[in-house]
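Visitor: Chains as they are written, first to last, in the numbering used here: chain A, 3 to 527; chain B, 3 to 298; chain C, 6 to 329.
Please keep in mind that the hints were generated in silico from the structure rather than gathered at the bench. Treat the hints with caution; some may be incorrect.
To be verified - Selected chain B positions facing chain C (Cβ under 7 Å, derived; list incomplete): (1) LEU143; (2) LEU151; (3) ILE153; (4) VAL232.
Claimed, not checked - So these bits of chain A aren't anywhere near chain C, every CB distance computed over 10 Å: (5) THR115; (6) ASP137; (7) TYR141; (8) PHE200; (9) ASP201; (10) ASN204; (11) ASP217; (12) THR223; (13) ASP229; (14) SER281; (15) THR371; (16) ASN379; (17) ILE481.
C-beta: ideal position from N, C-alpha, C; glycine also.
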Amino acid sequence: MSGKPLSPRSSRLQRTLRRRAGRTLAAVAGITAAALLLTGCATGSSSSTSGGGGTLRVGIVSLSDADALDPASASTTGGYVIARQLFDTLSEYGTDGSWQPQLASSITADDSTAKVWTVELNDATWSDGTAVTADDVVYTVKRWFSEKLPPSGSLAFVDPDQVVAKDDKTVQFTLKYGTVTFPEAFTSPTTSIVPTGFDPANPIGSGPYTLKTNDPGVQLTFEANTDYFRGAPGSSELDVISFADSSSAVSALTANQIDVDASMDPTLVDLVTGTSGYSIYNYHTSGTLTWVMNTQQKPLDDPVVRQALMLSVDRQALVDQVYNGYATLGNDIFNPFDPMYNSSLPQREYSPAAAKAMLEAAGYSLPVTVELTGTDNQPTSVKQNEALVKQAAEAGFNIEYTYVDSATFYGDAYGTYPLSLSYWGYLGIFDQAAFTIANNAPYNSSHWQNDQYDELYNEAITTVDDTKRKALVAQMQQIEYQTGAYIVPLFADAVIGLSDSVTGTASYPNSDGAFGYNFRILSIS
Amino acid sequence: MTNQSLPVDDPSTTREAAIHDRMQDSLRRLLRADPRAWIGGIAVAGIALLALVGPLLVTTDPEEYVARVYSGPSATLPLGADVLGRDVLSRLLVGGQLFLFEGITAAIFGVGIGVVVGMLLGTNRGRAVSVLRFATDTVMLIPQILLVLLIITAFGASPLTLIVAVAAAQILYTARVISAATQSVTSEDYYLAAQALGLSRGSLIFREVFPNIIGVVLVEFGVRLSVCFVALASLSYLGFSGSGAAWGSMIHENQGGIPLQPFAALAPVAAIGIFLLGMNMLRDSLARALARRTAQ
Amino acid sequence: MRRQYSSPVTRMVLTRIALGIGMLLLLSLIVFTATHALPGDIARTMLGQTATDEQVSALRSQLGLDRPLIVQYVDWLGGLFVGNFGTSLASGTPVSQLLAVLLGNTATLVLIAGAITIPLGILLGTVAARRPGSAWDVAISGTMQTILALPEFVVGILLVTVFAGKFLRLVPPTSPLDPRMSAIEQPALLILPVATMVLIAVPHLAESVKTLVRDQFAMGYTLTARLAGISEPRILSRYALPNTTGPVAQVVAITINYLLGGAVAVETVFSFPGIGSELVAAVSGRDFTVVQVITMGIATVMFVVFTLADILGILANPKLRNRI
Numbered sequence: 003m004s005g006k007p008l009s010p011r012s013s014r015l016q017r018t019l020r021r022r023a024g025r026t027l028a029a030v031a032g033i034t035a036a037a038l039l040l041t042g043c044a045t046g047s048s049s050s051t052s053g054g055g056g057t058l059r060v061g062i063v064s065l066s067d068a069d070a071l072d073p074a075s076a077s078t079t080g081g082y083v084i085a086r087q088l089f090d091t092l093s094e095y096g097t098d099g100s101w102q103p104q105l106a107s108s109i110t111a112d113d114s115t116a117k118v119w120t121v122e123l124n125d126a127t128w129s130d131g132t133a134v135t136a137d138d139v140v141y142t143v144k145r146w147f148s149e150k151l152p153p154s155g156s157l158a159f160v161d162p163d164q165v166v167a168k169d170d171k172t173v174q175f176t177l178k179y180g181t182v183t184f185p186e187a188f189t190s191p192t193t194s195i196v197p198t199g200f201d202p203a204n205p206i207g208s209g210p211y212t213l214k215t216n217d218p219g220v221q222l223t224f225e226a227n228t229d230y231f232r233g234a235p236g237s238s239e240l241d242v243i244s245f246a247d248s249s250s251a252v253s254a255l256t257a258n259q260i261d262v263d264a265s266m267d268p269t270l271v272d273l274v275t276g277t278s279g280y281s282i283y284n285y286h287t288s289g290t291l292t293w294v295m296n297t298q299q300k301p302l303d304d305p306v307v308r309q310a311l312m313l314s315v316d317r318q319a320l321v322d323q324v325y326n327g328y329a330t331l332g333n334d335i336f337n338p339f340d341p342m343y344n345s346s347l348p349q350r351e352y353s354p355a356a357a358k359a360m361l362e363a364a365g366y367s368l369p370v371t372v373e374l375t376g377t378d379n380q381p382t383s384v385k386q387n388e389a390l391v392k393q394a395a396e397a398g399f400n401i402e403y404t405y406v407d408s409a410t411f412y413g414d415a416y417g418t419y420p421l422s423l424s425y426w427g428y429l430g431i432f433d434q435a436a437f438t439i440a441n442n443a444p445y446n447s448s449h450w451q452n453d454q455y456d457e458l459y460n461e462a463i464t465t466v467d468d469t470k471r472k473a474l475v476a477q478m479q480q481i482e483y484q485t486g487a488y489i490v491p492l493f494a495d496a497v498i499g500l501s502d503s504v505t506g507t508a509s510y511p512n513s514d515g516a517f518g519y520n521f522r523i524l525s526i527s
Numbered sequence: 003m004t005n006q007s008l009p010v011d012d013p014s015t016t017r018e019a020a021i022h023d024r025m026q027d028s029l030r031r032l033l034r035a036d037p038r039a040w041i042g043g044i045a046v047a048g049i050a051l052l053a054l055v056g057p058l059l060v061t062t063d064p065e066e067y068v069a070r071v072y073s074g075p076s077a078t079l080p081l082g083a084d085v086l087g088r089d090v091l092s093r094l095l096v097g098g099q100l101f102l103f104e105g106i107t108a109a110i111f112g113v114g115i116g117v118v119v120g121m122l123l124g125t126n127r128g129r130a131v132s133v134l135r136f137a138t139d140t141v142m143l144i145p146q147i148l149l150v151l152l153i154i155t156a157f158g159a160s161p162l163t164l165i166v167a168v169a170a171a172q173i174l175y176t177a178r179v180i181s182a183a184t185q186s187v188t189s190e191d192y193y194l195a196a197q198a199l200g201l202s203r204g205s206l207i208f209r210e211v212f213p214n215i216i217g218v219v220l221v222e223f224g225v226r227l228s229v230c231f232v233a234l235a236s237l238s239y240l241g242f243s244g245s246g247a248a249w250g251s252m253i254h255e256n257q258g259g260i261p262l263q264p265f266a267a268l269a270p271v272a273a274i275g276i277f278l279l280g281m282n283m284l285r286d287s288l289a290r291a292l293a294r295r296t297a298q
Numbered sequence: 006m007r008r009q010y011s012s013p014v015t016r017m018v019l020t021r022i023a024l025g026i027g028m029l030l031l032l033s034l035i036v037f038t039a040t041h042a043l044p045g046d047i048a049r050t051m052l053g054q055t056a057t058d059e060q061v062s063a064l065r066s067q068l069g070l071d072r073p074l075i076v077q078y079v080d081w082l083g084g085l086f087v088g089n090f091g092t093s094l095a096s097g098t099p100v101s102q103l104l105a106v107l108l109g110n111t112a113t114l115v116l117i118a119g120a121i122t123i124p125l126g127i128l129l130g131t132v133a134a135r136r137p138g139s140a141w142d143v144a145i146s147g148t149m150q151t152i153l154a155l156p157e158f159v160v161g162i163l164l165v166t167v168f169a170g171k172f173l174r175l176v177p178p179t180s181p182l183d184p185r186m187s188a189i190e191q192p193a194l195l196i197l198p199v200a201t202m203v204l205i206a207v208p209h210l211a212e213s214v215k216t217l218v219r220d221q222f223a224m225g226y227t228l229t230a231r232l233a234g235i236s237e238p239r240i241l242s243r244y245a246l247p248n249t250t251g252p253v254a255q256v257v258a259i260t261i262n263y264l265l266g267g268a269v270a271v272e273t274v275f276s277f278p279g280i281g282s283e284l285v286a287a288v289s290g291r292d293f294t295v296v297q298v299i300t301m302g303i304a305t306v307m308f309v310v311f312t313l314a315d316i317l318g319i320l321a322n323p324k325l326r327n328r329i
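Chain A with its partners taken away, still in its complex shape:
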């Protein structure tokens, strides 16, 4: 399919299950002695759309054969796009980055241990006209576990046998252990709710669009679901068209072959702004390409070397050089959109001299050689790695960078690379910790382990009091900042090229993809 770059799915495959923690915890914190109220602010701004006409053409780099119609198996850009158009999740991260109920009308914990949760559903219907019921939710959850689908790997706290329909619109979850992160765990498109007896070949969903045609790797077309429970989408048809690379997508945009370039390369924005009738829409996000330091491999098993490497990264230069300014500085801890984020830690500066001194004081002879393995999991990955080689050289590191294609990267050697670049973010602090940091996290390719951190984490996820929990998180992030295994150099902006005929834009800072792939909000004139 023409549409793909050489490592097509590579660039998108490793999207993680996205859960975000946004304001969740703030909301969770509303918990009083007996019952916590996590009712989000209902359906929010988007419900007001009245439904519009026209065909919205969205360009994406790139669709792939691996784009799944089954939302639980979605792992590619196309898979996420499909999931967002055809289905709904119980909750979502909204335009301010905080979580809100979506298909659910409320998500509440029944007691102060955050162990039992009740989900009330909105009055939504499937595209075949039947109503969305509590049984469908129970079916969906059980299906993840019985078919070993990806959500089962990241919802460790869910006991599929303890998910019960209380009535037509009410589901009760009794968790294996209490956690306040429950509501944002259901924001990921992979946790989309499907009808009982779901057949991926004929994907019936409750979402804003229905699938009209699917040519894997080439084009997806959708038709508006005018009965969508949050209001009809802004366009009556949505075409998602694959492009081989960002430059052809930009050409197509400025030649009026598409209306939205959802995969803008930040270095090409001048091409869009220089053409009348087109403009750039961008916003900050929590998405990041983070360097993973393997604590089981020399020399990064030594915390001193890890600290020195953290000082060897010129973050501002990366923002300017690699992202053309479309990124914000990172401080080696995750998600600044989470209200629990520890913003009191001093911003780490580029200090090659200090790094050298640390290494020498620890008895290393310079340069210290580190093998870096990378793939093109994001369009900026290769550039970010190349920039690091140069920056760290000034600080006494000899970084030997090897590029491999993504299938090789995620092959048997994954998890053994001394240093590698991974795409993370769009996850609340707790979810990120659950995935990659705490308690033998399933996707922790750094193998970093810290008992003190784990204790704080275990205490924090059952602490319903906002202030107390925030204090615990501050300590957790302090530990990561000082001895951690992730270099979080920056957070990339979402950069979108738009025709002036498109209206209705909004930012989704905690969701991956342009507008979090919520194309229903866009209207075309």
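Starting from the known structure of chain A, fit chains B and C onto it as the hints suggest.
Guide: Positioned in the frame of chain A, the structure of chains B and C alone reads:
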């Protein structure tokens, strides 16, 4: 019918001497008479020189971030900045050696092996050759790009892998062309006569076949050299190039920015283009001279 | 006797077909082995960084990748014989369905480009060869050699810049063909890809043809023919061209091969949904069934093309004809 005199008396010495004279004479002639040979030679030498001494002329660190991404040319940056805000001129100067080496080496190996295989296939009719022909014909049916992709995907885009992959993709094409040319020779009277005289296979190949297909070989080398460089550049464009400042990776990294800052990607393309054009002119000029000489 | 009814050429064709089946069998084994020898596998690729071992093995067994290789091979090969191309590992859809649209697109592109390239290349090559050093020769050879010195994607991007740029927007800059229509129904989107393919394929063909024809003119017999007062067109048509038919047929076959399999860069430049870029994507995504089917398909077409080229060469050269 044929211009080739049969080596009746002392084939080994007279023929070799004749070929030697002819080659020298042709080279001299074309250098004297054909302006295209001069132009081509200057282009090739110029780019080769640029690649060889370029690294000595660099004043700015080619890895240093010196200006905003895709800045246009200025007094300090004659060719502007690249996708990572680095000096394009510096990178152009240091990036030629490896790329030229890769392309030339790939062409030499690809055509060299291909000529040998092609002549063997064209002159032999034994069982072993049938098997070889069967095998080459089979691999020949695979799209060239798949062969290259499989090698690079399996072993990574290192310079060695690139050379092997690109060379491997040429062998069978050259073999096919050479085998066809060889077959034409083997149907000529002088070949049949030499064969009848009981010359060994080696002698037949080196005395009768090779001198008579040298024009085809030269043309083939010229074509394959272009193809190798174009293949390397295209692989770079598709994302299969090593890292570091080499012309191939410069093309890859900067191709998206061509509408914004064309020099970053097109400077190495131009350098390669001039080199290849020069090579083509030299090759064409030589081939003409050989054809003229043969005709006389 | 039977013999009288089956000409040498017929026998050769029959032998070739038998050989061809053997070749395709050998090829299927080579491609199957080579693709399975690549590092990484599709299950891990599809699950990415959130893969757990349990999920990887579940997906592998769901895709049938946990079976012994020999079983997978025989299964796949058996399917090919009954016209079942298997299922794309990545998308789960039948390969035939997945490739139908792409095949149509690439076939349209290659047929149009070939229909222009082959006559044009032979014509230009012959014209340039007839009078070495003439204005025609210099003009044609100069242009061809300049284009030969440029990579495909550069030609493509230059065409976009000139004809679909900001100032002169005559044609669309990219060709994301709508799969709901056939390629031929979207002619505007075919212009630049076809033009690019023709521009990069013609020089290869023309240069080879030129050399082959020129060598014939340089041969003693043409000189003799000239001295004997035979007219130039007659030398060309009676002696030079028939003698070059074999090699030219080979070069044309190689041109078709190039157009078919090597147009990945063109498809990428224009985001043209075709077989070439699909092949690259499938290798990179380790979608073995797709790689295998595309390869076998192209190989079958190329087998036919090369066989035709060989037959032409033999028919045109009586000496070879008699030697069969």
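Visitor: Which hint numbers doesn't this structure obey?
Guide: 3, 11, 12 and 16
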